[in-house]
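Engineer: Going by my numbering, the sequence shown runs without a break in its numbering and finishes at 362.
Source of the hints: derived by calculation from the structure; they are not laboratory data. Computed from a predicted model, the values in this text were never measured in an experiment. From the three backbone atoms N, C-alpha and C, an ideal C-beta is built for every residue, glycine too. Not one of these hints is a red herring.
Here are the computed lysine-lysine pairs in the DSS-like style, where the Cα-Cα straight-line distance is at most 30 Å: (1) K329 / K130; (2) K186 / K329; (3) K186 / K39; (4) K258 / K7.
Per label pair, the in silico range of CB-to-CB distance: (5) Q30 / S219: 38 to 48 Å; (6) R14 / N40: 19 to 29 Å; (7) E347 / L19: 45 to 55 Å; (8) K222 / E11: 24 to 34 Å; (9) R322 / A15: 35 to 45 Å; (10) Y84 / R213: 43 to 53 Å; (11) E261 / A15: 17 to 27 Å; (12) D67 / S219: 44 to 54 Å; (13) N337 / Q33: 23 to 33 Å; (14) R345 / G140: 25 to 35 Å; (15) S184 / G221: 24 to 34 Å; (16) A154 / R14: 15 to 25 Å; (17) T300 / R322: 28 to 38 Å.
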Amino acid sequence: MRDSTWKKYAEAGRARAHLLGNRGPVRLDQYGQLVSEIKNAYRRTGFYVFTGVLDSDETRELTEDFDEIINNAPATKNGNTDRYGRPSPYGGYFTLVEDEKDSDVPPGVYTLSHPFIYMESSLRAYAHPKILTIAESLYGPDFVPFHEAIFYKAPGDGLPTRWHQDGRTHWTENGECLEKLDGSGKCHGYNMSVALSNCTAENCLWVVPGSNRHWFRASGGKFPPISERLDDAVPMLLSPGDCGIVNRSCLHGSYPNKSSERRVTLLFGFHKRDSAIGASTTNVHAFKIPGNEIKEITYTEDYVLERARMIPLAIDARRQHRPTEKPFKYRGSYIGNAAWNDATRAEICREGEEYWQQDITL
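Assemble the whole structure, with the sequences as input and the hints as a guide.
Structural biologist: Right under this line is the structure:
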């Protein structure tokens with residue numbers, strides 16, 4: 001149960017969120033790009049909610065695939081069988097968190113990393129024309145990938161996510177962002193949450209508007225604990241089929257889910273190509289379980305362009321699945337064959353050479 005102050009806090013957050021002017025359908029100008037009003041609202045607040053992006057058929061297909069996988073999740077950490085005793089091939093890609101107070105409670109799934117490996121519907125959704133048009137409108141025709149995952153917050157006692165900023169590279173020494181208000185300059189990209197469930201104030205991501213302008217850890221600073229209810233934070237409210245983008249430099253987090261409704265969001269992300277190539281940073285995503293390991297890296301052009309190949313591969317997979325839909329035309333450079341077939345399906349999963357080995361943390 002929430003304490004007595006939660007309802008008031010959540011209601012105030014919802015009210016602030018609806019006053020920001022950063023939600024609505026994807027709207028394009030005469031050049032097929034996001035209208036300037038949307039881009040300006042995103043840059044001002046650090047996030048934007050695009051309503052009604054995926055149709056009900058695609059949302060249902062993704063949800064059914066997710067439910068099938070979650071039903072076959074490993075029953076224990078590092079296990080290879082599910083709660084029914086069946087083999088679970090997904091174990092290496094699940095982040096499971098066990099209840100430290102009760103060993104009889106099975107672990108809860110927190111994230112499913114790299115879904116293109118085991119959920120082809122997620123690859124096809126990645127190539128949704130509106131999703132890729134958003135990326136192109138903000139980062140130019142040669143935008144490149146970041147990382148993919150599925151976030152799951154269980155009903156009743158879903159785990160919190162600490163307040164944090166993802167960006168770790170493109171700040172000044174004083175902690176000011178290099179990205180300018182007009183969108184120019186080096187940046188950390190954005191996370192996109194594709195909603196497969198209702199994302200309410202009780203279970204959703206909360207964001208501090210405008211916090212993408214300054215690094216909270218600069219000059220010895222630190223992130224607040226998630227137990228602190230920030231007065232300026234707002235919930236990113238989503239319905240199934242909506243897509244919310246959050247600048248990775250923003251301060252964001254989520255409170256424990258005490259509601260009766262789960263939260264399931266498919267995470268995509270994109271970068272500016274010129275923010276990635278040549279950048280030296282600590283990569284935490286190019287591992288089977290992100291965050292378990294780290295590597296210091298300087299991204300070469302080949303590294304970035306080989307990872308960019310997943311965009312045209314996804315476009316071809318979607319084209320085959322939805323032949324009457326006009327596909328997005330990716331104008332960026334990439335290395336490799338972009339035809340989706342049995343050979344490339346096996347290639348991106350090949351042990352030791354999986355596509356996620358070249359995820360791009362900035």
